[in-house]
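> First to last, the protein sequences are chains A and B.
According to our numbering, the residues represented by the first sequence are 1 to 305, in order.
According to our numbering, the residues represented by the second sequence are 1 to 378, in order.
These aren't lab readings, by the way, just hints derived from the structure by calculation.
No residue lacks a Cβ here, since even glycine has one placed at the ideal position from N, Cα and C.
Wrong hints could be hidden among the right ones.
As the list claims (entries may be wrong) - When the alpha-carbon atoms are kept at most 20 Å apart in a straight line, the in silico EDC-like pairs for lysine to aspartate or glutamate are as follows:
#1 A:Lys209 - B:Asp213
#2 A:Lys115 - A:Glu90
#3 B:Lys84 - B:Glu30
#4 B:Lys325 - A:Glu35
#5 B:Lys84 - A:Glu90
As the list claims (entries may be wrong) - To be clear about the criterion: a stretch of chain A counts as covered by chain B if any three or more of its residues have a C-beta under 8 Å from a C-beta of chain B, and this derived list gives those stretches:
#6 227-237
#7 242-249
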Amino acid sequence: MKVAYWPGCVSRGFTPELHGAMAKVAPLLDIELIELDRAACCGAGVIAEHNQELADTLNARTFALAQNTDGALMMNICSTCQGAQSECQERLDANTRYRERINQNLSEEGLSYVKDPARPLTNKNFLWLLVEEMGLDALKAKVRRPLTDLKVGPFYGCYIVRPVDRLRIDESHPRDRYMHMVIEALGGTVIDYAGIYKCCGFPIITMNKNASLAQAGRHVGDAIDADADCLVVPCPLCHLNLDLQQPAAAKVVRRELGMPVLHLPQLVGLALGLEPKELGMNKHIVRPTSVIDWSTSVVAGAAAA
Amino acid sequence: MPEYTLKIRRFDPQSGEAAYWDEHSVELPETQSVLDAILKVRDEKDGSLGIRCSCQQAICGSCGVRMNGKPGLACNTHLEEAAKRRHGTGSNPPEESRQAPVITVEPMGNMPVIRDLIVDMDAVHWKKIQRVTPWLINKEPVPEREYIVPHDNMVDVTQTMACIQCGACVSDCLAMEVDPLFAGPAALAKSYRFVGDPRDAQQYERLKDLSEDEHGIYDCTHCFNCIDACPKGVEPMSQIMRLRRIAGSDHHIKDGNNGYRHEHAFVKNIRKNGLLHEADLLPDSYGGKFHPRAVPELFSSLPTAATALARGKMTPKTVLMHPHKAPGEVKRIFDQVDGRDERIELNIYISGEEGDEAHAPHTDIATPLHPESESESA
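All chains, full assembly: derive it from the sequences and hints.
Have a look at this one:
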C-alpha cells in the first residue's frame, strides 16, 4: 500500500526514534511511504489559536501536496497532527467559499485542495491505518515475536479520540478501542488504568509546568499501580511529557516512576521481530528495561518464529 | 420492554460510610431517558436516592451526571445511547457477560459530592462563573435608544449564550483535575460571551485579567473533553481559543504565564523553519535565551537535555538541522495571511455545513471579527 506520509515535526526533532522506527516497520507491513517533505507544520492548534486562516492554509497545502501523489491516502504518525488537520479539513469541507479563499492563498504555488466526494482525501494516523486499511488479521499474520506476557497500557491522549463527531468514532469505527485491539493482535495484554484517555499535559508545559507535569506523573503512576510493563502512545508530544519529562514529573507527584513509554511503531516493530535498538528504544529517557528484558527472554526462550 | 441494570454510585459524606455501588434492574423502553430510570428507582425502590432535577427537557441544567463514564444530562440521554457508551475512564470495564446492559451512573467529577448524584455546584462551578464578571459592562455614553449590535457579532456570541450551566464540562476538565484553581471551561465560555459582545466596554480588561491569572486562559490543555461533554454545543475549548486569539493578536497582552510569548515564538519558529525546531522554541517561549525568565527555566531543564544528548535521542544534527525543502513557500503564506489586517474565522456552529439540511447555513462565509474597529463604530 502506497501512502502520502506526513511524519510531522517532533518525530524528526526531539523524538527522532519515532520517524526511524516507522521507516523500519513500514516495509515489513508492505507500506510504501511517500514522504511529504515539502509540507509544513500542522500548527498543533497553536497557529490556529493565533490565526485560523493561517493554520487552515498550511494544512490545505499539505492536503494538496498529498493529493498530488499517487498514495491511496495520507498517513501521519502523530495524534496532534491528526487532530489539528482533521479540524482544518472539517472547515475546508464545510464551506465552498471558505475553501476557495484558502485555495487562493495557495494559488501562487499552483496548489489547490480539492474536495471530491468520488476521491476524498483521507488522512489517517498509523493506528487507524493498521486497523481499517490493513486489518487486524493481516497484522496478526505478520507477527513473528508475539508480545506474550507483555503488559501494555494504551495511552490514547486527546487529539486522536476527541471530539468523537469530528473524528467519526462510532460503533462501526471504534477508534477509541483500536490501540486495545492492536495490542491484543500483537499478542500482548492490555492493561486497564485510569489515564487511558486523559491528557499528557504537554500543551501547557511552558505555561503551567506544575499542572502539566502533575498530569503526566499521575497517569504514569496510575499505570504503575495497574501493573503495566510499559505504555504505548500514538503521539510524539505525549511521549515528550511522559518519557522526556518523566523524571521531572516524578518530582512533582513525589513518587518514583520509571515507566517505559513506547511509540506505537516501536511496539509493532517488536512484534514483527525487530530488535529494540533498531527501533531506537535505546534513545528513550526512561530506559525500557522491562521491555528489553522481556524481548531477550522471549528470544532466549526461542519463542520468535 | 428492554431491561437495564442501573449501577448507581451512592455516597453520603455525613454518614461516615464509604461510597458504594447500588444495583437495580429497570424495565423501560430504550428511548426513555436515564433520568426516567433513576426516578423510577427512587419512586419504586429506594426513596433515599439523591438526584437533583427539574425540567426534564434539557433546559434547566440540573441533572448533570456521569453515565458509563461520560458526563451529560440524564434527562436528554436515551437509555439505549447510554448503554452503548463504553467506559471512557477505563475505571469500570464493561461487563459484557451480563444479560441486561449495564449503565453506571455517578455524580459529576471535579466537584464535591453532597449526596449520591448531587454535587456541590456552589463550591466550584458558580464560584468560577462569578470569577469572570458574568454580566455586561456597558459602554458609555448610553445611547438614547438601544445599542446596535452587528448581526455577525450577535450570532457569534449565541453559541456561548446556549450554555445552561449544567457543569458537565467542569466535571471532566482534565486541567482542573490537576489544577483545581483553573477558571475552567464553563466560566471561560461565559467570559467569551462578553468579550465577543461589542456592547461590552471592558474587553481588554477582561482579557488582561484572564491572561495574567496563572489559572486563566493559558491553563487549558486542549483535551477536548469539554467539547464532547457539552449537551448544548457550546464548545468551551473553542471559546478559550478565541479568548487567546483576541488577547494575543488584537491586544498583544504579554502575560506572565508565557502564553503570549509561547504562541508568538511558535508562529515565528514555523515561519522561519517550516517545521518546528524545538530547541529554538523553548528559550523563545520564555522570552529568548537571555531573558531573565528563561535562564532558570533552561538551567532546570539541563539534566533532561543532558540525558537526551547522552542517549543519542537529540543530536546537534537532529535538533538544529532538519531543514525544510520549501522554506520560501511557507514564509510567503505566513506573510500573506498573517500580514493582513482582516482576520477571518469560520465557525461551523454558526455557518452550518453544506448539504446539512437540519442546519441550514445562516451566513455564507467566515465571520470577520474586528474587535477594535467594532468598538469604534459602536
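> Hint by hint, note whether the structure agrees.
How the hints compare with the structure:
no.	hint	in the structure
1	A:Lys209 - B:Asp213	holds, 15 Å
2	A:Lys115 - A:Glu90	holds, 11 Å
3	B:Lys84 - B:Glu30	holds, 11 Å
4	B:Lys325 - A:Glu35	holds, 12 Å
5	B:Lys84 - A:Glu90	violated, 26 Å
6	227-237	violated (count 0)
7	242-249	holds (count 4)
Figure legend: structure checked against the earlier numbered hints; hints not met, in rising order: 5, 6.
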